[in-house]
Amino acid sequence: MPREAASEWQENAAGPVARTHVWRSLWESRELVALLAARDLRVRYKQTALGVVWVLLQPIASVAIFTLVFGRLAGISSQGVPYPLFALVGFVVWTYFSSATVRASDVFISNPDLVTKVSFNRLAAPAAAVLPPLVDLAISMGLVALLLVYYGVVPTWGVVAVPVWLALLVLTALGLALWLAALNVRYRDVQQAVGPSMQTWLFLSPVAYPSTLLSDQGELLYSLNPIAGLLGLARWSLLGTPWPGWPLAVSLGMVAVVLACGLTYFRRAERFFADVI
Amino acid sequence: MDRVELDRVSKRYVLGQRLNAREALSAAAARMIGRSSRPSREIWSLRDVSFSLADGEALGIVGANGAGKSTVLKILAGITAPTAGVSRTRGRVAALLEVGTGFHPELTGWENIYLNGAILGMSRSDITRRFDQIVDFSGVERFLDTPVKRYSSGMYLRLAFAVAAHLEPDVLVVDEILAVGDAEFQRKCVMRMQEAEKEGRTLIFVSHDLETLSRLCERSLWLESGRIRDSGATEAIVRDYLASSLLAQGADTQRFESDGVVVHALRALPVEKGAGAVLMRGDRLRIETEFEVTHDVPGLDLAVLVTRSGGARVIDEVLSERSTVRLSRGRYRVSLVLPPLLNSGDYTAGLWFGTQYEELLDLTMAVPFTVHGSHVDRPERILVMALPFEVDRLDAAG
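Protein chains in written order, with numbering that gives the first Met the number 0: chain A, 0 to 276; chain B, 0 to 397.
Chain A on its own, in the form it takes in the complex (with noise of 0.2 Å):
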């Protein structure tokens, strides 16, 4: 029985922030991180019949449409690799990001009674959302192999930084999806907004062309967007194009700042969620 004489006193008391470091609170429940995450991935194939394949449908719908449009009739530049391939490592990056803070962004108000009934760590619920599109991030890599081969690109040793871009990627999903998802237990609006907003935001980003189109300083203001510096990472390691260089280190910092600051507003906003959902 856990009942050592000595264990700690908790407190709740009044007071905007919970003295719980961060990382440890979100280390001690990678449970119920995992659980949760399982849970969405088995609700989410469960009946239905084609499975993998809605997967795929979409980036080889939406790559076809770019390559009609960006690559043969805009004549877009693709960095001296073929188009099809440049656009489908944009699109799967994007896709994942997209859709994980999209469902990230609704995990407390589609479940208010967790929230007023339950007390769990509550970051483990954005942090279990933007895991399951993983899974879907994985099977589309299948698609960019296959592409590899095809077109006959040979992978540089840039490949061995997959896990390094695609955990700031996660990363940075994970800082927006704890804006979107504390904003969102109070104002509803926020629902209503991400989908359009993120659709504006896939053609602001460089993901059916390469931010390189733009002149040097105008690449480096437009690298504020957090996912322009990982998608150049993820094509250099992927399909060898130029390294990205400065841009990509305002990315990264624009990634620390979305994510530490979104942390900060997480951990006061959710003292109040019960109140306020």
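A couple of the hints might just be wrong.
Here are the simulated distance ranges between beta carbons [said to hold, decoys possible]:
#	chain 1	residue 1	chain 2	residue 2	range
1	B	V189	A	G252	43 to 49 Å
2	B	G231	A	S196	55 to 61 Å
3	B	D144	A	P162	34 to 40 Å
4	B	A28	A	W26	38 to 44 Å
5	A	L142	B	R149	32 to 38 Å
6	B	D229	A	G252	58 to 64 Å
7	B	R149	A	P241	54 to 60 Å
8	B	G55	A	G194	51 to 57 Å
9	A	R267	B	S334	38 to 44 Å
10	B	E223	A	W26	42 to 48 Å
No lab work stands behind these hints, which were simulated from the structure alone. Just so you know, even glycine gets a beta-carbon here, dropped at the ideal spot from N, CA and C.
Let chain A serve as the given structure and place chain B on it in line with the hints.
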């Protein structure tokens, strides 16, 4: 050693706090130009509530709806933060404020046990270790691989409680969950809580079921409008709480109103002597109510209730089971006459209006009355009925 400590805890809710972005922006703008928008209404759900509990102690909390009982539990469990004051707990706190939160209908019973356990704070190995006990307790082992959306509501409830019951917390916080479920289920739940108490866990229990509360908790707290009205031995608290219920002895002055029904009077009187007289043990008792049905509610029904101090329900007579009268719009007087059945002691008469699907008005403990006179031999006996025995001698002697 102390396990739980509330130190001058207050909680304020601001009504209408859920704004949309437009309202929030205009409120912020109004604040910036120094003109505050319409003041939001505040409600103090708790005011300066303090108490402490040691290992193995059990505390009951009584109070009317909206007295702040659930808020105390939510603050203890860390679901919401107090507006002022501190709540301290030691060890693992498990709060059962509702059975089955976190269950997912698409997942199987087996998957839900793990998921729900994790949400309630159990580790994977804890759950695995107690898995068989949980399944045993729930009695759904044949359906573990079935999605819970196909469960009957009873099975669902049993499984959900089974998970929660095996949390092994240091502090167990239980809200009115026994209101659901059948008698057998309730008995099991109460037994499980008694066990937890014996194992030295600290229990905090909120219920309208005062009899169970008296059985589980030696101490109780009486909340009224967010403040502690009284605290002490459960027996005394429950008696005072019942006696305080709204009305003077035997008759009422207040009106009770709900959507569809307005109760003008509720009285408990001796039949022979009329209002104002003392009710003696040998008297017949008339419980009489006058009320008005303000608009037609299909299937409207009423029940007359008598509750013994201590919480045991003695009489629960439903009109539709005894009469074919339909309660349509209009004014009524309904009375129920009891033979000299009740032993001496304190009771409350109550009234319930509702349909098969919803409750319109619940005045469970509206009118306290006392049956005076000496106990008929055994004071713990509630009903004195002189039922006939049959005695047959089987050895054919004589």
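Hints, one by one, checked against the model:
Range check, V189/B to G252/A: about 59 Å between beta-carbon atoms, so the 43 to 49 Å window is missed. Range check, G231/B to S196/A: Cβ separation about 58 Å, and the 55 to 61 Å hint holds. Against the hinted window of 34 to 40 Å, the Cβ-Cβ separation of D144/B and P162/A comes to about 36 Å, which satisfies the hint. The hint said 38 to 44 Å for the Cβ distance between A28/B and W26/A, and at roughly 42 Å that hint holds.
For L142/A and R149/B, the Cβ-Cβ distance of about 37 Å falls inside the hinted range of 32 to 38 Å, so the restraint holds. A beta carbon spacing of about 60 Å between D229/B and G252/A agrees with the range 58 to 64 Å that was offered as a hint. Taking the beta carbon of each, R149/B and P241/A are about 56 Å apart, inside 54 to 60 Å as hinted. Range check, G55/B to G194/A: Cβ separation about 53 Å, and the 51 to 57 Å hint holds.
For R267/A paired with S334/B, a C-beta distance near 59 Å fails the hint of 38 to 44 Å. For E223/B and W26/A, the Cβ-Cβ distance of about 44 Å falls inside the hinted range of 42 to 48 Å, so the restraint holds.
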